[in-house]
Structures are given as C-alpha cells and as structure tokens.
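The chain contents come next:
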Amino acid sequence: MLRSYSTFIYLFLYAPIVLIVLFSFNSGNNAAGLTGFSVAWYGKAFTNRLMTDALQNSLVVASVSSTLAALIGTMAALSLQKVRGPLRVVFDGLTYIAIMVPGIVIGIATLIAIETANEGIREVGQVLTQWISQWLGQWLTVDPGLAISLPIIPKGYDSIIAAHTLFSMALVIVIVRARIAGMDRSLIEASMDLYADPWATFRQITLPQLAPAIVAGFLLGFTFSFDDYVVASFVNGSRNTLPIYVFSSIRRGVTPEINAIGTSVMLFSLSMLVVAQFLLRRQSKGKPAAA
Amino acid sequence: MTIETTSRKRAGGAPRWLTPLLMAPSALWFLFLLVFPLCVVVVYSFGERAQTGGYQAAFTFANYENIPARLTAFKNTLMLAPAGTLICLFAGYPLAYYLAVKVRPKNRLLLLILVIVPFWTSFLIRTYAWMFILGSRGLPSLLEWFGMPHIQMINTQAAVLTGIVYGYLPLMVFPIYVSLEKLDKRLLEASDDLGATPFGTFRQVTLPLSAPGVITGCMLVFILLMGEYLIPQMLGGGKVFFIGNALVDLFLQSLNWPFGSACAMGLVIIMLVTVSAYLKATRSSGQRDVSLM
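These protein sequences, in sequence, are chains A and B.
The first sequence begins at 1 in the working numbering and counts up one residue at a time.
The second sequence begins at 1001 in the working numbering and counts up one residue at a time.
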C-alpha cells in the first residue's frame, strides 16, 4: 500500500512537468490537444527578441549576484570564526532574517528604500543648489535655472543584483559555515607546524576543503536568482528578467511558447541542481545533503 | 578551543585587520539591503499616506488599527498556510517513511533525488502547469467529455491548496526523511519483539523519534507559505489571495505605502513569533541536528 501510495505521489509530482514538456513539442495550439510533433515553439521562443533579452538579463543577474554572494559570503563565513560576542549574535541574526523574511517583503522594502533614498538625494541636491547660488550670488548674478542634480540610485541590473546577492550571500554564509564547522582542524594545525604562513595554509588547506561548499552555495544562489520573480519584479525598473517575462506572458494568456521556455528553463535548472547536489553530497561524505 | 591554540601558534600570522576587512562587504550588504529597507518599512508603518500616494511623515497607529480592512488576506493566509502545511505533512510523511524504512538502499538515492528535483526547478513554470491543468480547457473539460457536469477548478481554495502541496511537498518530505533515516531500525524490531502492534510501534517509537523532522518540515513549509505570492496569484485568480498579494496591491496599485508597511510588519511579526516558538521547542528538546537549513 505504501508502495502504490508513493507511486501516486511521484505521478503527482511529475505529471504536470511531463505535460509541459509534452505540449512544448506539440505542433498545434495548447487547447486543441496534442496534434503532432514539432519544435516550432522552441524556434518561436528563441527568436522572440523580448524573451532572448529577458533570458540574457536573467543570466547576467544570476551569474553576477551568485558570484558576488559566493565571494562575500565566504569572506564573512571565514571571518565569523574569529568573532564572538554581540557582533556575532547580530550577524547570525541578520543571516537568518535575510533567509527567512519573505521575498515579497524584501522586494517591497528594497523598492521603498530606493525611492526614499532617491527622494533624500534630490532634496540634498536642492539644498546644495540653494546654498551654492546664494554663495555665488554674493559676487555674480546666478542663472535661476541652475540646479545640481546628484546621481540617484537606478532601478535595473544594479538593484536586482544587489537584492539577489543579499539572499544568496546569506545562503552561502550558512552553507560554508556548516562546512567550516565540520572541517578537519588537524590539517590546519599540521600546516602551521610545518611553518606554512597563514596565506599558504588558507590556499592549500582551507580553501580546497571549503570549495565544494562554496560552489554549492554559488549554484543554489544562481538557481534562486534565475528563478526569482517576486523580488525582481519590485526593483527591476524597466529591465525584464526571464521569470518576469514568463509571468507577464502567462497573464496575457496561455501561449504554447511558454511550454517551450518552461521546458528549457527546467532543463537548465536541473543541470545546475545535479551539479549542486553532487557537490553537497561529496561535501557531507555520503550523508544526504540538505535541500 | 582549537581555534585559540591555532591562533596562538601563528603569532604574528594573519594580521588583525583581516577580520573586519573580510566582514565589511557582507556587513555593508546587510546594512543597506536588509536593515535600512526594513527600518524604512517600520518607520513608514507609523506614517500617513500622502495625497498623491506614497508616504508622509507622521506618527500614528492608524495603519495598524486599519489592518482589519485587509482581514480577508490575513484570514486566508492564516487558514490556508496551516492547512497547506498539514496536507503536506499527511501527504509527505508516508512517502518519507517509505523512502527511509521500506525502500531497498540501492534505489533510495534515486527516489530521494526524484523528490527533490522538482523543488529546485522553476517554481513559476510548475505553478503555471497547474494553471494549465485546472484551467477550463484542462481537467474540467476532460471531465465534461466523460459526461460530468462542469466544475470550476481554478481560482478556488482547492486550486490554491493543490498548488501549495505540489510546490512544497518536497520540502516537507526531506527533513522527515532525514530524521527517519537516522532512526535505529533495531528499535522497531525490539518494539515488535515486545509484542507491539505495527501501529503501536509507529505511535510509540517511529513517530516520536521523527518529531524533529516533522517540526522542521512543518516550519519550513509554513514560513514559506506565509509569504507566498505566486500560487494565490496564479491559481487563486484574485479570488483567493494571501497577505503577499494584498501587499502588492497596496504598494503598487493603491500606493498606500504606510498601510502596506503596517501589513508587512504584521506578516513579519507573525513569522517571527512562529520561528521563535520553533527555536524554543527544538532547543528545549535538544534536537538541533535537523536544522532549518
């Protein structure tokens, strides 16, 4: 009974995915049922300028944010070994808050923070303009049109990348710290005893041991960023990422093109996942890795 | 203690300024992209809506008092999130049990990976698949073809719950599996030898020992469900909406940032209370091995 129940669950998990893949190769329209094999929707999807632009944006955002996250997160995880007391508590708390607070709240908060900061920047610009024209006015007549505009925070690549890096960085911190905790200290001590300087010890002992965790964190961050709609949709400005494009096409009406995009995306995330799981598994030496 | 001995050994080794330098980027990130935005939300939640939308400085509790105006969203979330969590638990436990106890070790890894895989593939696309299945041209039209009356499937609570279970089941199965896998199988045999019925063994041995996994799984699913936006948006079609959907509406449509901020605070507070309850429960029972991550 358990066996057939489990089979049912697997069917439940995979039937919708199979359906999407099946219909992505359908020659006709969705609604008409399966009419024949064709890769036309793939051709249509990958020649659609909006979609390829969005895909490109997503790849840029995902790779930049997860690289940054891997770097910054690893640095933080390493330094946290030596930090105790209130600073440590604050850092741990912020890491968990970054992971736990829903994307929707992070997205909204980031958006209104950007708007608020920009308003502040504009006000500072106005005050500066006033001061300077008053100061200059002592000696010469100032063109009343004089205005100093300070650079404001743009919404686009920068803001999406910054917001995604926050979450991915927190993931990397948690994963790498778990690895550090499980690391074999005797190797480091041996290295020290053999008069290796700290940098050499780090490069030859610590880093190789941490590498699987760092790469796994990078890949998980990449997958998150590549799939994220909610956070990006608030701070994207006019730049579309792939999930934003897909979501808006779904809202406009179900087109078979989405099946083709969906299949490609799933295939892509799947390959990322295979690598990540492989690394995490190797890291925990046979113990199944945490999802 | 090893840390101290190593640092003593490398006297004159890694420079003192290294630690703050390594911490600086992440600290900046936390400050500008987490602390500052959340502080803005807190401040705004006590403000007033400006005439043209947005925020006007003020200090009032009116936004919090106004939360009942969005009661439906809170009610939906606080009903459907626990309901979804429970369904995930009841649907996921037998599978986790099957994987941990019954399956031959040879097949175990593959079957386990098959559970996790969907969770890491595009959430948007997987939810879209259900839009397709439950939409009027999907399952309902198939049933009509078999002569059944038309049933509205999409844009119902059931559709949202289906999407929830579909999306979050893997996250429930995994921690339960981990705790069941650690369970010493000899305990089951011992219980059996002592004359316990299979159900008795389950209730007195298996279930208590898998409790940490159950709690962690429920926690993970519940937390993520509280902030869910896409599933109600796509499968609830504006009829069944969560706090997340109300937030988007308040911020992007009605431009009522202060009220939106108060609702966001409400959501975060509910989550914080739940998580602290979870942490307290796991700490007191000494079960920290199945952690949140």
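Mixed in with the good hints there might be a few duds.
What the hints assert, rightly or not - A partial selection of chain B residues facing chain A, derived with a Cβ cut-off under 8 Å:
id: 1; residue: Y1044
id: 2; residue: Y1064
id: 3; residue: L1095
id: 4; residue: Y1098
id: 5; residue: L1114
id: 6; residue: I1125
id: 7; residue: R1126
id: 8; residue: Y1128
id: 9; residue: Y1229
id: 10; residue: Q1253
id: 11; residue: S1254
id: 12; residue: L1255
id: 13; residue: L1267
Said to hold, decoys possible - Among the chain A residues that face chain B by a calculated CB cut under 10 Å, a handful are:
id: 14; residue: S79
id: 15; residue: E119
id: 16; residue: E123
id: 17; residue: T165
id: 18; residue: L242
id: 19; residue: I250
id: 20; residue: N259
Stated by the list, open to error - Taking CB as the label site, the calculated pair distances span:
id: 21; chain 1: B; residue 1: G1053; chain 2: A; residue 2: R203; range: 52 to 60 Å
id: 22; chain 1: A; residue 1: R3; chain 2: B; residue 2: E1189; range: 17 to 25 Å
id: 23; chain 1: B; residue 1: A1058; chain 2: A; residue 2: L270; range: 44 to 52 Å
id: 24; chain 1: B; residue 1: F1032; chain 2: A; residue 2: S4; range: 47 to 55 Å
id: 25; chain 1: B; residue 1: L1255; chain 2: A; residue 2: L22; range: 58 to 66 Å
id: 26; chain 1: B; residue 1: A1058; chain 2: A; residue 2: R84; range: 39 to 47 Å
Source of the hints: derived by calculation from the structure; they are not laboratory data.
By construction, the Cβ of each residue, glycine as well, lies at the ideal position given by its N, Cα and C atoms.
To see whether the hints hold, each was checked on the structure:
| no. | hint | result |
| --- | --- | --- |
| 1 | Y1044 | holds (7 Å) |
| 2 | Y1064 | violated (16 Å) |
| 3 | L1095 | holds (5 Å) |
| 4 | Y1098 | holds (5 Å) |
| 5 | L1114 | holds (6 Å) |
| 6 | I1125 | holds (4 Å) |
| 7 | R1126 | holds (6 Å) |
| 8 | Y1128 | holds (6 Å) |
| 9 | Y1229 | holds (5 Å) |
| 10 | Q1253 | violated (13 Å) |
| 11 | S1254 | violated (13 Å) |
| 12 | L1255 | violated (11 Å) |
| 13 | L1267 | holds (6 Å) |
| 14 | S79 | holds (4 Å) |
| 15 | E119 | holds (9 Å) |
| 16 | E123 | violated (13 Å) |
| 17 | T165 | holds (6 Å) |
| 18 | L242 | holds (9 Å) |
| 19 | I250 | holds (6 Å) |
| 20 | N259 | holds (8 Å) |
| 21 | B/G1053 - A/R203: 52 to 60 Å | holds (54 Å) |
| 22 | A/R3 - B/E1189: 17 to 25 Å | holds (21 Å) |
| 23 | B/A1058 - A/L270: 44 to 52 Å | holds (51 Å) |
| 24 | B/F1032 - A/S4: 47 to 55 Å | holds (53 Å) |
| 25 | B/L1255 - A/L22: 58 to 66 Å | violated (43 Å) |
| 26 | B/A1058 - A/R84: 39 to 47 Å | holds (42 Å) |
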